[in-house]
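Engineer: Sequence:
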Amino acid sequence: MRTYPIVAFLVLLAAGACGSSPTEPTPHEGAGGTGGSGAGGTGGEEIPTPESVCRLWAEGHVENERVPWVPGEDVCDPGTLGEVAIEDTIRRINLFRALSGLPPVTEDRARHPMTQACAVMMNVNGALSHDPPVSWECWTAQGAAGAASSNLALGSTTPGNAIDLLMRDPGVESVGHRRWLLGYFLGKVAIGFAGRATCVRVFDDSGQTDREWTAYPPPGPAPIDMVTDPWDRPIPWSFHPADGIEGAEVTMQKLPEGEPVAIDSWIPDTGFQIPDAIVWQPPPVQAGESYRITITRPSKATVTYDVELVDCDALDP
1 MRTYPIVAFL VLLAAGACGS SPTEPTPHEG AGGTGGSGAG GTGGEEIPTP
51 ESVCRLWAEG HVENERVPWV PGEDVCDPGT LGEVAIEDTI RRINLFRALS
101 GLPPVTEDRA RHPMTQACAV MMNVNGALSH DPPVSWECWT AQGAAGAASS
151 NLALGSTTPG NAIDLLMRDP GVESVGHRRW LLGYFLGKVA IGFAGRATCV
201 RVFDDSGQTD REWTAYPPPG PAPIDMVTDP WDRPIPWSFH PADGIEGAEV
251 TMQKLPEGEP VAIDSWIPDT GFQIPDAIVW QPPPVQAGES YRITITRPSK
301 ATVTYDVELV DCDALDP
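One point on numbering: in this note's numbering, the residue at position 147 of the sequence shown is 147, and numbering is uninterrupted.
One or more hints might be untrue.
Stated by the list, open to error - Below, computed lysine to any residue pairings styled on SDA-like, alpha-carbon distance capped at 20 Å:
{"#": "1", "residue 1": "Lys188", "residue 2": "Gln142"}
{"#": "2", "residue 1": "Lys300", "residue 2": "Glu212"}
{"#": "3", "residue 1": "Lys188", "residue 2": "Lys254"}
{"#": "4", "residue 1": "Lys254", "residue 2": "Pro298"}
{"#": "5", "residue 1": "Lys254", "residue 2": "Thr294"}
{"#": "6", "residue 1": "Lys300", "residue 2": "Asp243"}
{"#": "7", "residue 1": "Lys254", "residue 2": "Lys300"}
{"#": "8", "residue 1": "Lys300", "residue 2": "Ala248"}
Honestly, the hints are just simulated from the structure, not real lab data.
Using the sequences provided together with the hints, build the complete structure.
Structural biologist: Right under this line is the structure:
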């Protein structure tokens with residue numbers, strides 16, 4: 001696993017992979033549309049426009065609570081994570097799920113104490129682990145259980161902002177955090193946050209969907225911020241089928257000419273409840289550009305879809 005200064009990811013036990021991110025907050029790992037050439041789904045969905053996607057993007061990034069956590073009486077006290085901050089965070093998760101045509105998740109309130117204990121422990125120790133040692137300050141069995149079942153992030157000032165980090169998954173070759181949050185069976189999440197540490201419980205199988213595949217970024221218009229970090233560095237793209245990834249290959253073409261784009265691609269480990277994926281790293285991309293993605297798999301129908309990168313800040317409100 002690679003680690004970085006401000007933010008670090010770890011893959012959840014079920015994902016079988018882990019990684020980290022440079023110079024920005026760190027997540028520790030904890031993604032999704034469906035088939036049909038360029039449809040990104042099972043067919044029949046409303047065709048998105050740049051305006052509708054950017055409106056969804058803006059609404060999903062609303063944060064009504066700027067000071068999400070009130071510390072307790074000592075460093076190991078879980079303190080209080082505000083209800084509004086939890087709502088902001090779930091709204092952010094559901095933004096990304098909506099872009100992928102996936103149903104929304106709801107809060108698993110019963111699991112909040114374990115994720116809050118997890119966040120306090122990660123914050124106090126300034127590190128991330130899905131298996132924190134008992135020697136860690138503020139270690140509890142409850143916090144350790146939360147760590148073992150959550151996407152972890154360190155460095156974000158709000159839990160909502162940590163979701164963007166987990167979705168970009170910079171430096172995490174498995175894009176495991178992304179795949180968990182865009183999971184087909186994910187129905188409930190529990191949120192924990194303290195200081196600069198976020199724990200998002202993703203071990204859940206209460207959800208359901210008929211999606212055949214999803215992709216990040218999804219087909220159609222996609223905000224450029226989905227595929228670049230705050231320093232304008234490109235991040236990996238990925239495709240997540242519901243029916244297996246073995247033998248998959250991906251090609252990327254720049255439109256309208258169809259010029260081939262040189263990419264590095266790989267298939268990360270599979271795991272229980274986490275979608276399979278093929279991941280690729282494109283060169284730097286810019287808003288206003290469009291790309292055609294083609295996925296081939298042995299004995300499976302070819303999937304082709306187009307992505308149009310949009311600068312939402314440049315659109316008229």
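Engineer: Hint by hint, note whether the structure agrees.
Structural biologist: Do the hints match the structure? See the list:
no. : hint              : in the structure
1   : Lys188 <-> Gln142 : 19 Å, holds
2   : Lys300 <-> Glu212 : 12 Å, holds
3   : Lys188 <-> Lys254 : 38 Å, violated
4   : Lys254 <-> Pro298 : 25 Å, violated
5   : Lys254 <-> Thr294 : 12 Å, holds
6   : Lys300 <-> Asp243 : 9 Å, holds
7   : Lys254 <-> Lys300 : 24 Å, violated
8   : Lys300 <-> Ala248 : 9 Å, holds
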